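Kindly generate the complete structure, drawing on both the sequences and the hints.
Spelled out, the chains give:
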Amino acid sequence: MRKNFDIPSIRKRLEGTYGKKYWRSLEEIAETDEFQDFVKHEFPQGADQWLNPVTRRNFLKLMAASFAFGGLTACSANPPQKIVPYVRAPEELVPGKPLFFATAMPLGGVAMALLGESHEGRPTKVEGNPDHPASLGSTDALSQASVLNLYDPDRSQIISQGGMLTTWSAFVETLRGQLDSQRASGGAGLRIISETVTSPSLISLFQNVLQDFPQARWVQYDPINRDNSKEGAMMAFGEDVNTVYQFDQAEVIVSLDANFTQFGPGNVRYARDFTDKRRVREDSTAMNRLYVMETQPSATSTLADHRLPLSSAQMEAFARALAAELGVDVEAPPAESLAAVPENWLGAIARDLQANAGKSIVIVGENQAPVVHALAHAMNDALGNVGQTVIYSEPLEGTSTNQMQELRLLADDMINDRVEVLLVIDANPVYNAPADTRFAEAIRRVPFRAKIGLYVDETGALCEWNIPLSHYLESWFDARAYDGVVSLTQPLVDPLYSSKTAHQFVAAMIGQSESSDYDLVRDYWSNELSDSNFDTLWQTSLHDGFIADTAPPTKSVSVSTAEINAVEPAESSGLEINFRPDPTVWDGRFANNGWLQELPKPISKLTWENVAAISPATAEELNLTNGDLVELRYRGRSVQAPIWVFPGQADGTVVTTLGYGRTLAGRVGSDIGFSAYSLQNSDAPWSDSGAELTQVGRGYKLASTQTHYNMEGRDPVRTGTIDHFREDPEFVQHMGEHGPFDPNSSLMPGWEYNSYAWGMVVDLNTCNGCNACVVACQAENNIPVVGKDQVLVGREMQWMRIDSYFEGELDNPQPLNQPMLCQHCEQAPCELVCPVGATVHDAEGLNVMVYNRCVGTRYCSNNCPYKVRRFNFLDFVDYTTESLKGQRNPDVSVRVRGVMEKCTYCVQRISEARIRAKIEDRRIADGEVISACQGACPTKAIYFGDINDPDSEVAKLKAQPQNYGVLTELGTRPRTTYLAKFTNPNPELEDPNAHEDNGHG
Amino acid sequence: MNQIFHPSANVIAKASIGVLIVLVGVLSVFLYFFVRSSWMTGVNISEPQPVPFSHLHHVRQVGLDCRYCHTSVEEAASANIPPTETCMTCHSQIWTDAPMLEPVRVSWRDNVSLEWERLHDLADFVYFNHSIHVNKGIGCETCHGRVDNMALPMKVNTLQMEWCLECHRNPAKYIRPTDEVFTMGYAETVPAGHDPLVEGHELVAQYGIEVGRLDNCSICHR
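Just so you know, the protein sequences line up as chains A and B, in that order.
Per our numbering, the first sequence starts with residue 3, numbered consecutively.
Per our numbering, the second sequence starts with residue 509, numbered consecutively.
Keep in mind that a hint or two might mislead.
Computed footprint of chain A on chain B; a stretch qualifies when at least three of its residues, placed anywhere within it, have a C-beta under 8 Å from a C-beta of chain A [claimed, not checked]:
#1 583-592
#2 598-607
#3 689-696
#4 699-712
#5 723-729
Hints are computed from structural coordinates only; laboratory data are not their basis.
Bear in mind that the values here come from a model prediction, so they are computed numbers and not experimental data.
All C-beta atoms, glycine included, are put in the ideal place defined by N, C-alpha and C.
Structure (structure tokens):
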């Protein structure tokens, strides 16, 4: 078996280049045979062959398609259809016009504010809620994809006992019997396990239960919880707090492994606030500065001005040293623990922070040890940031618990037969509890087990009773957002199945089994607010998506470093294992979501998989390469994992993501990847030393889209320092292979655009590659999922991709993002070669794809220099699963096999706006058409509008000196252009070799 | 060795080329008319409906405006097929016992939708919008014919792409003032000696219809 590449030769190649060097993947620099094969073929070899084994379903599908394409449809009249009007038309509903309702998605108990789009009662997509502080109109990838879960055919659909259909009243009857038997002991044998709950109304219901059963215990457990920040706060302040950061006030940010623009409560808001301070224009070149110390490159670090790979153990030492440098009363760690930190870094960062005292933030990732959190609190305190950029308030859960500790107690109780009744509320501990709790074994010892959940998952399978849980788009619910404001989830559709909400389930325990979720939520707030005008207040809150003035007040706390100093510094020996939330399937709850499974993860661009990621130096040391299979052994447990060499990862670490290796996720998510939970230990849930890697195999195929659609080293991303831009604003224009294109050199006559001319600008300076746009595009445009086998041969269908590039040396490169979608060229190469006129130019400059004309020659895709066209090889659309049809956007065609497709600039949204404007006899206003990607983008990196209107935002951006087009030397005149990416390096840390930005080409 | 082909094969070969050309011609002509035939397009065919609703009666004799039932025609893509409730506004008071209206009453009573046979059915990749047509002076009659003369609903135009383009390329031929959009028999009301085409061009300009762009693919397909 041939080796993919060897690291020393890659290093040599990188050293041998001058000026700025951008690269996309290790395979590219090493010029492996496989990579060359991939690049040479427009579509990878064999992409037009059917790889799946011929199953009966595929066979029938193929036959049906063949008949259809055999021309039978051409000789028959339209099949008869029915028109089925309402009996009583709902108020405000106009057929064909979507309605939007404010709602909220709880994730880890915290609300993400959304607007649900409803087409005749079918939720098809979500947008951000512009009125809500957590969203400001944007969303993240997970909430965009959550719609698909509603229609997931593998959802739990029936109330079942031992797998047999039964009824809610039968369950309530049984539950009452069980609870009655617990009453005498005060509920000593009763345990409830739920996910994190921040909902005040649900907490109050739980409290009612615990009043009836004072000896019972209610455990909250999310594998991605906030135990560490809680313990950190306890250490620093003696009490738990919720920390809210004001990135819009911060000039210098130090992130200690905090992926704050992608993960965790407030990510969308933080991403916006943070990037608002980086919107460089010719006349406003101020930029904040971000230092990122992290184990593995993340979405946030693509925006970093300085990044440093550090293992978790080194991170603690770094935090101690930085705190000491800032004058916090802690002991500086010994110098040898800071070996990975360049010597002037600590001083330079500390001076920068001190120069921006009160305008800086030190933020710590949830996966860091409590002491690092405590140190950050102390540093923010020392810098005077508290009350300015760092705000403390009551924890969102009210009384917070250490979830891991509670879980361990529960498992112990179960093993020791102290639990007689276990009720599971939307938690899946059998799958996601750390291995050392032996939860699966423990739960079998409980005589009565019932679960309410979205799926009959690993935990559900071990419960006698399974109640389907309503999806958030079917429920009345309330939850606190990142800042504590109470957000309301209102349903967009009646439950599709006989499901109940968590409120109804808990209410059934206190004899309110027939209450509606609406009454339970509304009655709570009606009592709580006791406003004489409650009805109006409630209506306003539903409209806005949140109840005003419910955020807890600011809390003042005082830091003590005594406990910090009492913590023994972490010791590390050997390889360090790190567990991380997965950027697509999160903790595993989205495992059955095809959109997320197929979403290329930021930077690595891996799909359908989790890996054991290691740094290039570690790979070299262990003689491993991409696709090697290893046995990952840690504390006596082991899994088989594929290796991924991650440039920029800290040496001596293995990073795995949670959420894979599900056994009962459903047809999409079962049996892919390995379960990191099966290695995890409850005393060190995020990182620990002592991992071992042993190679056991080779040649495992990893479906990374990284090497697809290569651009052959033409530097489509342009970067430079902000100082360089200040000195020479035009420098970006002189980059690129052949310099700017001379419009007179084209033989093709130009087009005239008399009316609108749609164009897009993507600000690379704010894009963090979080993928929200990619999923939004998929949801809006009915884009199918193809599966891992098909991704491996380059048939992924997403109209939009985020290319990642690396700049610089192998061990610590700067990762860069570039969203790439149809560029809508004014001189489009694709249009010239289509033999049937299926891709044509329209009067507004859109490069239009006419599906009904396309015969599938794929010439257009061959001729596209940007590689943004997608060909539907094998009828990827699922026509057979009834429930999935509900999600499709009725305003966009569902494309069949054999048809080319690509980004349309959301032509359906343009049409809608054009018709509305025409009827009102006006022009389309700037900002009236918002493309799906633009609407979703948390960092507002995507701008769309009419470039014929000189006052439009997009036209103004195109006039900026850092605006450039990709491959413009070909004369394509793309309508999508990019704003160059700048860094704002600390002069003290600046690389003396910098300023070679324009040296290339 | 014997010849495989008899000399007459030459004639047969030549003749069959001729026959082939004729056949292709005949087939083309046949297909040309076939795809435009009523059988394919459903023009002038009325389907049995659950209730034999007469536009003739309701529009001409009773004098209902189109928008009484087709409520969203001015504001949305869909003109809206009225809910049973709309029928019942009158028919809970008049003709309450008419056997013909039993399905309407059943629908109302049992809360079950009426199911009408669709007559005007565009291909799924075509996105037609009523509101823009109605607001820019295309009369109901232009596409749907003299509905006020139809005892049973019927399609009078093919709704094929060539038919759409006929107007999209030259709307002046079909346009009328917006206050006449819902008029049935508009042509008869135009005074003699008045050239509708001249007025048409004026209206096209007045309503801001950009003629050159109406045949862009993206206008109807997405």
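Now for the hints, and whether the structure bears them out:
1. Given as covered by chain A, the stretch 583-592 of chain B passes the check, having 9 residues with a CB less than 8 Å from a CB of that chain where 3 are the minimum.
2. As drawn, the stretch 598-607 of chain B meets chain A at 0 residues by the rule of a beta-carbon pair under 8 Å; below three, the given contact is violated.
3. Note: the stretch 689-696 of chain B has 0 residues with beta-carbon separation from chain A under 8 Å; the three-residue rule is not met and the coverage is violated.
4. Note: the stretch 699-712 of chain B has 0 residues with beta-carbon separation from chain A under 8 Å; the three-residue rule is not met and the coverage is violated.
5. With 5 residues having a beta carbon nearer than 8 Å to a beta carbon of chain A, the stretch 723-729 of chain B meets the requirement of three or more and the stated coverage holds.
The earlier numbered hints that this structure contradicts are 2, 3, 4.
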